[in-house]
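What follows is the residue order along each chain.
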Amino acid sequence: MRRSFALLVCIMLLCSCRYDDTPTEIFVEDFSLKVQYAGLHKFSNRIKADFVNETEQFSYCFESDETGNIAVSGLMPGIYSLSIRGELTAAECHSLGYDYKRASLSGYASNLRLRLGEKPEIGDLNLFVVPDTPVIFKEIYFAGSHTPTEGNYRNDSFWSIVNNSDEPYDIGKLYIGMCENYGGHNETGPLWPGETLGNYANVYVQSLWKICPSRVLSPGEVVVIATMAAPHNKQENYNLASPVDLSKADYEAYIPDPENKYPDLPAPNMTLVFWPDYAYLWRSGVFGQACVLIEAEIEEVEDFETVTLPETFQDPFESEEYWLCKKIPNSFVVDAVDIVANSTATFAKRLSPELDAGFAYIGEIYSGKSIIRKDYLDGDRTRWRDTNNSTEDFVVNPLPLSK
Amino acid sequence: MKKIILCSFALILCSWGIFAQSLKKYEVDNFTEYTPWYHGGECAVNALHRPMEFASISLSSSYKDGKFYRPQEGRQYADVCFEAEGSQNVGKFSLSGSFNFCQSWNKGVMFASTLDPFDWNPYVIYDQTGGDWSRQSYSLWADIAYPIIKGKLSAGLGIDLKVGRGAKKVDPRPQANSNHIELRPSLAYAPLSWLKFGVAFIYALEKENSNLILYDSSVPQKLYLMKGLGQYTYEIFSNTERERKFEGDIFGGAFNVEGALSEIFRARVQLEYLNSVKSSRDIDFSKPHQRGKLFTDQLNCDVSFSGEFNGMMLLISEKVVSKSASGRELVQYFDPSPQVNSWITDSSLPGRYHRSLTSSTSRIAAVVPSKNSGTYVVDLSMIYSLDKQKYEATESFMNISRRVFSGAFEYIHDFPKAWIRGGVELGGAIPSKCENSVCLREEQDRTILEGLITPDFDYLSSKSISCTLKLSCGFSVGKTDLSIGAQGGILSCPSRKKNSARSQLFLGLTF
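Protein sequences appear in the order of chains X and Z.
Following the working numbering, the numbering of the first sequence begins with 469 at its first residue and continues without gaps.
Following the working numbering, the numbering of the second sequence begins with 2 at its first residue and continues without gaps.
Label-pair restraints from in silico Cβ distances:
1) A669(X) to S287(Z): 24 to 32 Å
2) L665(X) to S287(Z): 17 to 25 Å
3) L665(X) to S323(Z): 40 to 48 Å
4) E248(Z) to K587(X): 32 to 40 Å
5) T241(Z) to E788(X): 21 to 29 Å
6) F596(X) to P339(Z): 24 to 32 Å
7) T241(Z) to P784(X): 18 to 26 Å
8) K68(Z) to D489(X): 38 to 46 Å
9) R497(Z) to D489(X): 37 to 45 Å
10) S323(Z) to E493(X): 23 to 31 Å
Derived coverage of chain X by chain Z (criterion: at least 3 residues anywhere in the stretch with Cβ under 8 Å from a Cβ of chain Z; other residues may be distant):
11) 490-504
12) 523-530
13) 534-547
14) 574-588
15) 657-664
16) 802-811
Residues from chain Z that face chain X, not an exhaustive set, calculated with beta carbons under 8 Å:
17) T234
18) E236
19) I237
20) S239
21) S327
22) F335
23) P337
24) L350
25) P351
26) G352
27) A394
If you're looking for bench data, these hints aren't it; they were derived computationally from the structure.
Just so you know, even glycine gets a beta-carbon here, dropped at the ideal spot from N, CA and C.
Extracted from the complex, chain Z is given alone in its bound form (with noise of 0.2 Å):
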């Protein structure tokens, strides 16, 4: 991981000498978030249309704090981050990438032994007690592309590294380890001049290790060993460690067309399909046993219009995805004779949890300039989705239909040598069929259905407002714009009586 840090600061300090033009922040963020095929896949196309060369470092600072949150989100968190991103032309090579490190300090956080607890697997384990989790992140993208037959063929190839660790300070102690690694080997090629199609192949391999220790093993613990849904085996713990592993890939490949319907508007439709298996298992008996494998299934969908005229920029997208997965539990039992000693797998019980879900986001953004040296940014966008989730066997479902929307305004000021940004970005969140059923696994204990799934079943069912405010300003110095903002906003609840608050501070370089 030093490596990785020292490259990228190594990285940082070059670009800062080549570069020679004064970028600013808000023209990179223009061109980061509404160019759809920048880090858009197949990187092999970025030697077709030259990105913009760029290298920004930021250092920001987040807080979130209220009462309005799910039970594994916990209710006070916090993180400082620092994100190097940059973009640059090389001879026949188009490099981009982006280092991310972030530090989080989470509070109150129940139901969590993994990294993310919003993942989809089932099979994680959860104690009686929550805590506070501090996290580190880091994560690196690199995208490579190199044109075969200038103007006709190219190649690349896009890398994705994440680590993750961290670790609750409460007994029982997770202490999660985790790794993602993401190869996307990538051909384009443009018949004609208007018309380019790109295909991915794409592997990644993720693990992830979740090792739960009790400092105190004179006070046992009920850890649920969970199954998908609120359904569960329990043990007692009073054992030092408790060891799960988690271990994936994913196999999957993408496919883009993209053709100039004019001068200004291009149309892009990119296929995107992911293919996961996980298994998770435990450590017992210094044996491994396996628990449950989670096979999901991806695809993505989406069409994009974009057009660049006058400085304008516009993007009209709309994105499909379609996942679903199965939980296969596999049952097995130790076998302790002198030939075997180790863990048997009986049989397996396939699609005993299922998950699936459908979701739509429409956008419209527009980036407009004014006449007097200032900058209109309007971005909308609205959510379909359709979560379900059921465990058969003891007949639990729950089905979350919901639609969020966004909007956001901003207006962007240029002074000779500064700027000014501020808007609103206004939402809310409306659900719209919402039904669940979840089975009490154990009469006497109430505590998954009441701390966990009924809550974040309230939570999701519930309808939101959100307001936030946005702020920031940069300076040109010399070659680099320096830049600082601030965002403060809430979530709210009117019907729960409920509301968190939310604020960001950051501090940027573009040169």
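Here chain X stands alone, though its shape is the one from the complex (with noise of 0.2 Å):
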């Protein structure tokens, strides 16, 4: 009996580091954050810091004082990403030698693992004052339409873009390009050499169009640019169902390839620059793609680097120009929207923060609905929302090209 009873202790003993263990923290220690902007060391304006805990999908929002001291606590423990919103006034903006009467700052940092037991390293944070961008997208139609006898139709793709500011503004030098989506949709992206995660100093494009030789666009002019500028909703052999007519369209993507079955429709067509793996058609997934307009003189772009996608992350069964990208440094992009597949793809990010900040999705695939940007009235001047942040700039328009 001593010893069957001694071996049932033996195995309570042996099983007894497969015990949990118990927790002492909850959350993670109370900690600061101190953020500044150039020789600034008071803030008119309060800075506030969201915390996003992607681990838990929690968000937090904690405010400075005048000094930009943040003080942290109650954060569950995860991986976090960490956005700082705040603004200058007029007076800042004179003292630190801007003409500008306000300016918005940002800041961010991706990334940080908050532990429990470990009090977090965060150190001091630079903030940027956010760029006023003259051109930049208004409208994305990517996520396609159903057919009247429920087939899914998406060659009725658009982009427009917009002038937003109070000057006339050429667009000769600007290009469009579509970044690349290696992994497919709802997956991350892989780490381009060199690159530090979530904080991307150039953008990959796979595909680089120039729109035109050259253009002014007045101010509030908008330009639209069409996968096909065909009559999409008016004639049969398109699709009777699609929301959009874009036979007016101001550029269309064509392809001069002599196979190329699709017809060369009459609004100019664009310069293809890149775009090794071409297919016939230029559209973006349905779920969405990443999005820049690239401004740079001819020469430059000749210099943008071609890199090929380390092997580690390619399928051998698509062709080696595939694989090929544009590496373009994020001083020439003038406007970049990211668009991932839905509310939770956060991962599926392409862009640095410094870009965009945030994220547009529809969440609804053959839909028929597009992105927007958010409008406001400036006196009597509609304008279009950019702070950088596409969460908060775009919304989801049901009914595209109709505003």
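Put the two chains together into one complex; each comes in its own frame, and the hints tell you how they fit.
Right, here's the structure in full:
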């Protein structure tokens, strides 16, 4: 009996290493964070810090004191991203030598790993002024539409850009491109060599078009760029259930290949600069894909490095051209919109938070819906919101081209 | 699986010829139901006791419908089951075992993506749509015992195999497969003719795979990645597949001591300890993504007194179960660098979710023969349980304390070549102290709180009564007893004016 009982006790002892620990803490230790900009020692407007716990899908908002100190408490452990926003007053702009009435301040940090039992060491965070961009994306339609026979149609996509400034703007140096979405939708992108996760210094575009040789856009003027500048919802050979007629689009992404069976429609064609693995239609994925507007001289574009995705990430079933991208420094990007499949696909972000701190999404493929910037009135003028945060700037438009 | 079914049929056909005696189904039922050591953990004891020899097969079908049910139970349930069970002494070996196959159809099941939504594992996936499930389960157990020293020392091996398959028929469609294999090598020792000890080592391996599939990926679905007690993160699911895998093992041991208090009465004390660890992981970006681990610890203590004299059987037992579980969440991030390209564990959050259950079951049962070829069966039981759950990080908890009473009274009448059995079973559940406070995870989405947590709490904290009528009869055909039976009952919650009805039909052969 003793031996049997001893055996049972031994089993209990052996199993004791398979116990969960008893937690002593639930939240991350309290800490403080210091934000700073140029030589400012005091901020007239309080700086706001949004901590997003991506592991738990919880958000916390804290405010700074006037010296830029932010006291943080009660955070759940997890992987965090931090977004800072603030505003400089006219007096502060003046004291810094800027000719602005006001300016938005921004700052980001990602992949903050806050753990139980460890004091977070985030350090000081330098803020920057969000640049005022004259030409921006206004509306993007990529989700596709259903056909009257319940089929799917995605030749009707378009991108519209607008001159949001008060001055005329020549788009002759403007290029439009789509970033790589290797890994497919809903999947995190590869980390390119030399880049820091979540804070990329470059954009990696799979395709790049020069919009036109020269055209001056007056303030508020909009240009529509179509995949196919066709009367999609007017003729049966397209899709009568499409939400758009793009026959009056300003430009078309026509592929000049003799074997291209798609018609070259009347709209002026853009010039294909880079798309080694081209198809006959330039279309975004229906779940969305990051888009960029680049401003550069022809020589600068020629100098952009062509890079290949490291072999670790490559799928051997794709051609070699498929893995080629243009590596474009962020400084050439005038506007960027990170588009992901849905509100939870944050890991699929491709752009640095400096270019786009958020992401836009529709969440319904073949829904015939687009994303469009929020508008507001500035005196008599309709302007389009641009804070370099697509989550804040864009909404879903149920009827594309209606605004 | 086909091999298992074929082997089972072969076993049944062989045993048909071997058994010469004609046992009635109720005799087998009384033996399996009221003999504490039969399939009792340390099967080595069988070699010292030599169990009753029998073989039976049965086909049964049950049906349940009504409005008083838990969301994960489904509003309607129907099944068809086949079961074969037998026990035989072959030479010095004592063999007993059972094979069971069940096909079930379950309508209106909410918040389930695994075969058993009442499993304690908190790291499961729920969806918003719910739907109808179809499930198949195969289970097989076998106990083999062999006397090493006749009447003194014996060895045994218990094997338990359970396989389950199931799927929901609406997007997102979980297709679940589960496997459980358990081994219980045991030794039994009888130092004195009236005293026996048994000891067993327990090892089990469990695996389940739940693959959620979207047939129509143009309609995205919201998936809740649960963490326990209504806490979750979510994702909008528009991929074609979302796979979650569960893997775990159980280590444990059992010890029993059995003594004959007199020629009539036996006392038995059994202690069983089980320790399990179950991990849950997804396949994200084609790489394993660990979600959490559940550590479970269970201690069972069973004290029983049984007696058999002049055809009368008596069982008095007290079973106490103490089970506790702790859920550890894993914080992982995806490192997309060429050198790593996989999910990396950053930290773990131990003891995030806790659950404990203490229950005590008191039972007294008697099979009493009457003078006029009849037998009375009385079976009374009372279960007290205290089930506590907490998720401290969001100050959520749920405590359910309840007593469940049950009393079955049956009469069996024997005719020269037939028998008839009829009875009634009355029961009731009385909650004593129930409280809950569960944090709403998202202000704009109350699905889990209002669809699962609140209705489940209402069900468990409601008083209910039940009544079941049973009727069966059997005929001796040659060396075989053919039995047929039916039972029907109602479970009612008067305060909420909700009822559900249950019925069962069965057809059995015993030989």
